[in-house]
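Read off the chains here:
There are 2 protein chains.
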Amino acid sequence: MDLSRFLSPITEALAARHYGDQPLELYEPIRYSMSMGGKRIRPLLTLLGAYLYSDHWQQLALNPALAVEVFHNFTLLHDDIMDQAPLRRGQPTVHVKWNPNVAILSGDVMLVRAYELLFDIEPALLREALQRFSQTAAEVCEGQQLDMNFETRPQVSIAEYLDMIRLKTAVLLGFALELGARLGGASAEDADHLRRFGVDIGLAFQLRDDLLDVYGDAATFGKRVGGDIVSDKKTYLLLTALERANEAQRVTLGHWLGLNSSETAEAKVRAVTAIYDQLQIRPRTEALINDYFQDALAHLDLVQAPAERKALLRGLALQLMERES
Amino acid sequence: MDLSRFLSPITEALAARHYGDQPLELYEPIRYSMSMGGKRIRPLLTLLGAYLYSDHWQQLALNPALAVEVFHNFTLLHDDIMDQAPLRRGQPTVHVKWNPNVAILSGDVMLVRAYELLFDIEPALLREALQRFSQTAAEVCEGQQLDMNFETRPQVSIAEYLDMIRLKTAVLLGFALELGARLGGASAEDADHLRRFGVDIGLAFQLRDDLLDVYGDAATFGKRVGGDIVSDKKTYLLLTALERANEAQRVTLGHWLGLNSSETAEAKVRAVTAIYDQLQIRPRTEALINDYFQDALAHLDLVQAPAERKALLRGLALQLMERES
Numbered sequence: 008m009d010l011s012r013f014l015s016p017i018t019e020a021l022a023a024r025h026y027g028d029q030p031l032e033l034y035e036p037i038r039y040s041m042s043m044g045g046k047r048i049r050p051l052l053t054l055l056g057a058y059l060y061s062d063h064w065q066q067l068a069l070n071p072a073l074a075v076e077v078f079h080n081f082t083l084l085h086d087d088i089m090d091q092a093p094l095r096r097g098q099p100t101v102h103v104k105w106n107p108n109v110a111i112l113s114g115d116v117m118l119v120r121a122y123e124l125l126f127d128i129e130p131a132l133l134r135e136a137l138q139r140f141s142q143t144a145a146e147v148c149e150g151q152q153l154d155m156n157f158e159t160r161p162q163v164s165i166a167e168y169l170d171m172i173r174l175k176t177a178v179l180l181g182f183a184l185e186l187g188a189r190l191g192g193a194s195a196e197d198a199d200h201l202r203r204f205g206v207d208i209g210l211a212f213q214l215r216d217d218l219l220d221v222y223g224d225a226a227t228f229g230k231r232v233g234g235d236i237v238s239d240k241k242t243y244l245l246l247t248a249l250e251r252a253n254e255a256q257r258v259t260l261g262h263w264l265g266l267n268s269s270e271t272a273e274a275k276v277r278a279v280t281a282i283y284d285q286l287q288i289r290p291r292t293e294a295l296i297n298d299y300f301q302d303a304l305a306h307l308d309l310v311q312a313p314a315e316r317k318a319l320l321r322g323l324a325l326q327l328m329e330r331e332s
Numbered sequence: 008m009d010l011s012r013f014l015s016p017i018t019e020a021l022a023a024r025h026y027g028d029q030p031l032e033l034y035e036p037i038r039y040s041m042s043m044g045g046k047r048i049r050p051l052l053t054l055l056g057a058y059l060y061s062d063h064w065q066q067l068a069l070n071p072a073l074a075v076e077v078f079h080n081f082t083l084l085h086d087d088i089m090d091q092a093p094l095r096r097g098q099p100t101v102h103v104k105w106n107p108n109v110a111i112l113s114g115d116v117m118l119v120r121a122y123e124l125l126f127d128i129e130p131a132l133l134r135e136a137l138q139r140f141s142q143t144a145a146e147v148c149e150g151q152q153l154d155m156n157f158e159t160r161p162q163v164s165i166a167e168y169l170d171m172i173r174l175k176t177a178v179l180l181g182f183a184l185e186l187g188a189r190l191g192g193a194s195a196e197d198a199d200h201l202r203r204f205g206v207d208i209g210l211a212f213q214l215r216d217d218l219l220d221v222y223g224d225a226a227t228f229g230k231r232v233g234g235d236i237v238s239d240k241k242t243y244l245l246l247t248a249l250e251r252a253n254e255a256q257r258v259t260l261g262h263w264l265g266l267n268s269s270e271t272a273e274a275k276v277r278a279v280t281a282i283y284d285q286l287q288i289r290p291r292t293e294a295l296i297n298d299y300f301q302d303a304l305a306h307l308d309l310v311q312a313p314a315e316r317k318a319l320l321r322g323l324a325l326q327l328m329e330r331e332s
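Heads up: the sequence lines are chains C and D, in that order. For reference, each letter of the first sequence is one residue, going 8 to 332 in my numbering. For reference, each letter of the second sequence is one residue, going 8 to 332 in my numbering.
Accuracy of the hints is not assured; some may be wrong.
No distinction is drawn between identical chains; accordingly, a pair holds when it is met within one copy or between any pair of copies.
Computed cross-link-like contacts, SDA-like style, restricted to lysine to any residue with a CA-CA straight-line distance of at most 25 angstroms [said to hold, decoys possible]:
no.: 1; residue 1: K104; residue 2: L10
no.: 2; residue 1: K104; residue 2: M89
no.: 3; residue 1: K275; residue 2: Q162
no.: 4; residue 1: K104; residue 2: D90
No lab work stands behind these hints, which were simulated from the structure alone.
With the sequences and hints as input, model every part of the structure.
So, in structure tokens, the structure goes:
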């Protein structure tokens, strides 16, 4: 499926975008962050949402689509400080390349610039769009805080984990699509179905990410396989394994969790993956991904828009489900 | 002058404000920051700006006034991380009481909540208010970045310093007043005079702060006298002294700058203050403060609003000039 017709205006507008000049320490990191690339899924969803209802999708929704992408990159920038991540898409993170203070402050300005891009909405829809954006932004922060809390909490339930990834990842995909739909002229009901389609796809997307960390191809995935296992990250895979493990498996998992020397990292990944295999964690996770995917499609079915335009969204969702990286 | 009629609704609305519930680590720091107190000068300016033109100042401008105060407290929260400040108004800062990650993220949500308070503006004025707010917010961040840059730069000119405090402190006071005026019904011309009144007062306010650090009464000022001298902060006082010093004074200043042991702190404050006295830095700074104050009043004179209402703004400005803390 060729989405370049929608992707090109996004890429071009991002390349041409001016965030500010002086001081350089404030604006260079923004240009750097925005030029790192990425799949631009969120702005694509916004444009495809508008295209469902209008041929003027570019005029109606391009700047708001960029707002969502700038906001997303703001969250990555601040999350990378909090997670002390050295790399993002293979390049040094802003807090490493510059310093944490520069990363905090240039992130703050990115959030402001995201709002500014959103002001390019017709008056009748402006306030609602801004309110929904703000609500979503706060939820994304709530998700990040929960993610950090879970690192040090001994027990996390699967329901809590799913709620965390809903907030941290899925609600923004839902909002991106809902926003575009409203700008294109969707009814409130259609916009809500599309939002829920986006949230379901977002949940499936994050679970796919958890899965790729363990079962992805290192070369294609672009990260070290088993990184989540090495860092004891409480993913859907680990939480499901802990729930389903028998006594012996629980002891083995308990032995490896918290064992964080680099010499034992490979053995740890092998041992934990072996337990995942015994407990059929992969097919179980794939089943849940598929559940969310089917729920998403059910919402899309109810949307009152031309089938051939809805097919683009279905195609993008399928791409995200089948991606190897 | 009694401003309690305007201050009370601000205090009450801030006390009643709901920022969010869960996770606690995200929302407790916001409540903590907003309950620390402060003079609430910025929201006062917004309400007084609206009152110049309308008896419905509370209905028209209260939530936008709170937006400015929440934004201001967001900048304090993030600045305190960057400056590694242990205390704010005598209480532990958020990054100390919780941790830097909590401070980054709860600050992010405060910025979002500030925007939300600004959505309570009639449609005809909403976009302009949001754009001016965003422009001001970016300028405040630029000022903070310049302030950090100046710490490690060997040379800073007085003009550069004044531009930095204009961005970091003064533009927000100008915006607070301009916003209120527009919401009350001011013409673009009046709103601009009021903005410039606010910027001038903001510059005078910050210079007064520089002065109080050296010449304030420790008990009244609430900070240790000479803190800026001890930390080699490039204030208007120091930069003016460096510019006007003779060879011997320059050598003495050069000797003390960079000498940062706690044992010599008192002697350093005495020695640098002695040079300030020789060079008449205090009356020179007071003269510049007065220049800005007179410029501010000249702008206020040109504003087409009832004299008795303008008198409240003049009175507030005078209070800020004469404050001892």
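*For this structure, which hints from the list above don't hold up?*
1
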